[in-house]
Amino acid sequence: MDPLVYVLDLVVFIGIFGIVSLSLNLEFGFAGLANFGKVAFFLVGAYTYAILSQMGVPFYLCLIAGALTSAITGFLVSLPTLRLRMDYLAIVVLTFGEILRLIIKSEAWIAGGAWGIAVPRAISVAGASARVDVLVNIGLVYFCLFICFMVVQRLSNSPYGRVLRAIREDEVAAEALGKNKAKYRAQTLALGSAMAGVAGGLFAQYIQFIDPYMFMPMLTFTVWIMVILGGPANNWGALLGAALVQIFDKGALIAKDYLTLPIDPTDLQYILFGVLMILVLLYRPGGLLKESQVKTKAMERIRCGRNAVKNKGSP
Amino acid sequence: MEETLLKIKEVRKHFGGVYAVNGVSLNIKGGGIWGLVGPNGSGKTTLFNTILGLHRPDEGAIYFNGKRINNLAPHQIYTLGLVNAFQIPRLFHKLSILDNMLLAARGHQGDRLLNSLFLRKNWQEQEVELADKAMKILESLELDHLALSPAGELSGGQRKLLEVGRGLMASPTLLLLDEPAAGVNPNLGKKIFEGINDLSRDGLSFFIIEHRLEILFDFAHWVYVMDKGKIVVEGKPEEVLEDPTFYQVYLGE
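Sequence order for the protein chains is A and B. Numbered according to the working numbering, the first sequence spans residues 301 to 615. Numbered according to the working numbering, the second sequence spans residues 534 to 786.
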């Protein structure tokens, strides 16, 4: 295979998982929601895309539909847990993801069951080489990533993001300051799930075939590693984490082809992940990048005023 | 001065077999400083938490501005202008002091998802004004030089000040303060009460729990004394000081 395609393929995966990582960062990093069922919303987006595109619906509508169904699912799943402590949300979404996957697997009439379902490419250029094909995908994926990044970045630098952080820090105090925590949590989960749904759709059309075994709970934990490694409540950190984990992941696959090791590189990769996580949590518990501050016009004005006074003070 | 702002009718709240609040009724009229004193464990903080909606009363009713509030959620009560500062400060430690202040503002348009995402014009100017107001309050509390540092870096006394500052930031109609001067150095404690006094002249009402009676009795114009979940004495500070029950409550039989 063309070695450049390896690299471009990696770039596509970084983009797709960058979106998922950003969405978990919104939920966990900013709002403190322990979404241990990320894969469920990724799955909903992927299958919505697959089913609709097989019916001949244009790809952009499939992506939007994937985002919507995923957002609605996120909202519904969160309803019973919004007023409870955060651990309950983690338990509910974790099991929900597995239940959903098993339903898809056993009910063949939905989307081919365990045999999976073929998905047409979003944009196929007639007679294009593998390289061009991947490049087109990079364009599509990074366009979506850009939009998602703008959304979360805007929210994190707004009063809304400030409220999310406050709920994360102390939910009772936030309620006592007039913030309706149930509403904020439901909105955040819906928005985060919508983003995961888009990523699921992009994933499905890129690999052109999905089956239930691609949506194991391990995927959720991989995304968690991305966020914790990169630095929760920092959107650049979420992207950095996604890139590092994907490079590691794909690196192990390539290493498999070229290296003869006494153990399987995929297993070795899991061991290294574990060690890496322990090291990060020990020495940089806040992740590689620090939590970003809320930057709004008003905050910047005060900050600038402060610096002006400082500069005057020191000759 | 005549309108009844907060009306509490026969409120009871029990935990297990103990009635922490056992049939309290009181009327707070607009304007002025209202004190609530009593020995430890007499139910003062529980009464406050019940007013704020953090506890549901088992019996009784609470009205604020004529509206029944004892079945509302804490965030709804806050929106009505009944605001509180916790006894043990509950700050958002990773957020800056200014962020903590801005979170306390009532009716910040940017707190809505769509405004924050798309309609930034709807709140940017408002937030600039709110930030100016926050800086003024911080200045009066001598915290303005720390405005951009994380709240977690403050000392115990400064945390207490910020907690009070957040209460003021909400521009409430009635502000409940749970021991505002505890843990603050004596000079500043006095200054806090002088500030409260000035604000009360501007029409803001205060309901204050305070163990430092010498300060509270200088400023309050009406004092409730609570013991074992009940109001045992009430009146002007000088009247309360002459009441034998008041001494019994504090010094024992």
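These aren't lab readings, by the way, just hints derived from the structure by calculation. Misleading hints may appear alongside valid ones.
Stated by the list, open to error - Derived contacts from chain A toward chain B, CB cut-off under 7 Å, selection only:
# : residue
1 : GLY416
2 : ARG465
3 : THR596
The C-beta atom is built at its ideal place from N, Cα and C for all residues, glycine as well.
Hints, one by one, checked against the model:
| no. | hint | in the structure |
| --- | --- | --- |
| 1 | GLY416 | violated (37 Å) |
| 2 | ARG465 | holds (6 Å) |
| 3 | THR596 | holds (6 Å) |
When the structure is compared with the earlier hints, a violation turns up for hint 1 alone.
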